[in-house]
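Colleague: Residue-level listing of the chains:
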Amino acid sequence: MSDASAWQLVFGGDPALYAIVRLSLIVSLSAVALAAVVGLPLGAYLALVRFPGRAFLVVILNACMGLPPVVVGLAVYLLLSRSGPLGFLGILFSPKAMILAQAILVLPIIAALTRQTVEDLWEEYRDELTAMRAGYFGRVGTLLWDARFSLVTTLLAGFGRAAAEVGTVMIVGGNIEGFTRTMTTAIALETSKGDLALAIGLGLVLIALIIAVNALAWGARRLGEIRAG
Amino acid sequence: MRAPATDLPIALRDVSVRAGGAAIVDRMTFDIAPGAPTILIGPNGAGKTSLLRLAMGLLAPSSGRIDWAGGTAPRGDRLAMVFQRPVMLRRSTAANVAYALRHRSRRAERVADLLRRVGLETHARRPARRLSGGEQQRLALARALARDPEILFLDEPTASLDPAATKAVEEIVGGIAKSGIKIVMATHDLGQARRIGGEIVFLLRGRLVERAPAERFFQSPDRAESAAFLRGDLVL
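From first to last, the protein sequence lines stand for chains E and F.
Residue numbering for the first sequence follows this note's numbering, starting at 16 and increasing by one per position.
Residue numbering for the second sequence follows this note's numbering, starting at 17 and increasing by one per position.
There may be inaccurate statements among the hints.
[What the hints assert, rightly or not] Take a look, some chain E residues computed to stay more than 10 Å from chain F by CB distance: (1) Ala31; (2) Leu57; (3) Gly68; (4) Val73; (5) Arg163; (6) Ala172; (7) Leu219.
[Said to hold, decoys possible] Quick list of simulated restraints, FRET-style, between CB atoms: (8) E:Ala70 - F:Ala89: 48 to 56 Å; (9) E:Trp160 - F:Lys194: 46 to 54 Å; (10) F:Arg211 - E:Ala48: 51 to 59 Å; (11) F:Ala21 - E:Leu89: 26 to 34 Å; (12) E:Trp160 - F:Pro59: 33 to 41 Å; (13) E:Thr145 - F:Ser79: 55 to 63 Å; (14) E:Ser165 - F:Arg118: 26 to 34 Å; (15) F:Arg146 - E:Leu89: 48 to 56 Å; (16) F:Arg146 - E:Leu93: 33 to 41 Å; (17) F:Gln100 - E:Ala70: 27 to 35 Å; (18) E:Ser165 - F:Leu206: 36 to 44 Å; (19) F:Leu206 - E:Arg242: 18 to 26 Å; (20) F:Gly207 - E:Ser165: 39 to 47 Å.
Don't read these hints as lab results, they were simulated from the structure.
Virtual Cβ for every residue (Gly too), placed ideally from N, Cα, C.
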């Protein structure tokens, strides 16, 4: 594979390349899904509920959007290593560890942007939902649903972060060929080996995938907006 | 079958609302009882909207007391309100009504009934946010009716509507009043207050100036401020 040109790699149907692409997509999309399951309700909670220390939590959450990936990778590594508190899971250097690490990295982005989106919408909806006696879960459900088009962008921001990430997955995945090698870790490796054709090929595929996912999400959002008004 | 809990009468006792040192509602004592519509009139800043929000339980008084049928909070879940600029949920016209339904049984049938009642049955599948201002206000009325209310608070529901849309809303409000639902409506449109009738409550600078049956109020108001307002003088 190393002597092929970038274009041949992209369009030549190389099975090794497809395996890397497939794993990258599975890891990034699973991480975003996992982070969304926690981040959407967490963001909505912070938007709707007032409690002592909330402002501090919001500042910390916003700051965590800039978490250094290698630090997250190191923390997850220590957690999952044999002597770590979650070492019994035995998932270090596996795609599961990569998903967990990326989810931790993406969670603050999803939660913080959801908090802002829901808080802004709540200002608009407060009187109506209060007048309709909507309870806490009714409010959360309504606000998340009615903010769904904005939240698609939030999820895309999370996906962008996950798909472009290299430090975390390198540390907790180990960049094992055919098992935990993703596009970004492969690019880093091939560049260091001097195989620029493969690195460029993978880079092109990665950019194309990010554009494709964003285009799909944009199309779905536009269709939804046309239908829902 | 257990009778639904009632929130009437609503009694405001010496209620004030202050913001930034100014009294928006100033030591007001006021009762809302079952019967004919109660129309709140007065210039901007008179306290009409605040009074509605107090009675609806959306605004807490700075001082004084509000009782809903003797309780300290609305309990019957049968208070509904239509705002001057209602917010449409980002979904279809029918889904907006379905969302507000108090009882979930016979959902589709009830939604269709309510849309028919406000003349929006042909718009059921249209996105609510694409309706015109008048249609949105009628949808807001349908949504309020979906709460199966005993009291309906209306905050200047026709303030930004043209005469045709205003007429449509007034006809619906008239029908609601006839069905036995207590209407409490704020308006600065004297013609509308006259058309809907019932009793008039004239507010000025957060205080209740005069309360009288509509006919008497418009023919021979007791207070000089009321007479000046009816003449079209600038009452400040």
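Colleague: Each hint needs a verdict: does it hold in this structure or not?
Modeller: Hint check results:
1. With a closest Cβ-Cβ approach of about 45 Å to chain F, Ala31 of chain E is found to remain outside the 10 Å limit, as its non-interface label requires.
2. Its beta-carbon lying about 22 Å from the closest one in chain F, Leu57 of chain E satisfies the requirement of being farther than 10 Å from that chain.
3. The non-interface label for Gly68 of chain E is consistent with chain F: the shortest C-beta to C-beta separation is roughly 24 Å, beyond 10 Å.
4. At roughly 25 Å, the least C-beta separation between Val73 of chain E and chain F is larger than 10 Å, which holds for a residue marked as non-interface.
5. In this structure Arg163 of chain E is not separated from chain F by more than 10 Å, as the shortest Cβ-Cβ distance comes to only about 8 Å.
6. No beta-carbon of chain F comes within 10 Å of the beta-carbon of Ala172 of chain E; the shortest separation is about 21 Å.
7. In this structure Leu219 of chain E is separated from chain F by more than 10 Å, as the shortest Cβ-Cβ distance comes to about 38 Å.
8. At roughly 29 Å, the beta carbons of Ala70 of chain E and Ala89 of chain F sit outside the given window of 48 to 56 Å.
9. Checked against the hint of 46 to 54 Å, the pair Trp160 of chain E and Lys194 of chain F fails, with Cβ atoms roughly 36 Å apart.
10. In this structure the hint that Arg211 of chain F and Ala48 of chain E lie 51 to 59 Å apart at CB holds, the actual value being about 57 Å.
11. Separated by about 59 Å at the C-beta atoms, Ala21 of chain F and Leu89 of chain E break the suggested range of 26 to 34 Å.
12. The supplied range of 33 to 41 Å is met by Trp160 of chain E and Pro59 of chain F, whose beta-carbon atoms lie about 40 Å from each other.
13. Taking the beta carbon of each, Thr145 of chain E and Ser79 of chain F are about 22 Å apart, not inside 55 to 63 Å as hinted.
14. Against the hinted window of 26 to 34 Å, the Cβ-Cβ separation of Ser165 of chain E and Arg118 of chain F comes to about 30 Å, which satisfies the hint.
15. A hinted range of 48 to 56 Å for the beta carbons of Arg146 of chain F and Leu89 of chain E is consistent with their spacing of about 52 Å.
16. For Arg146 of chain F and Leu93 of chain E, the hinted distance range of 33 to 41 Å is not satisfied, since their beta carbons lie about 54 Å from each other.
17. A hinted range of 27 to 35 Å holds for the C-beta pair Gln100 of chain F and Ala70 of chain E, which are about 32 Å apart.
18. Our hint of 36 to 44 Å for Ser165 of chain E and Leu206 of chain F holds, since their Cβ atoms are close to 43 Å apart.
19. Restraint check, Leu206 of chain F to Arg242 of chain E: a C-beta distance of roughly 43 Å breaks the suggested window 18 to 26 Å.
20. In this structure the hint that Gly207 of chain F and Ser165 of chain E lie 39 to 47 Å apart at CB holds, the actual value being about 42 Å.
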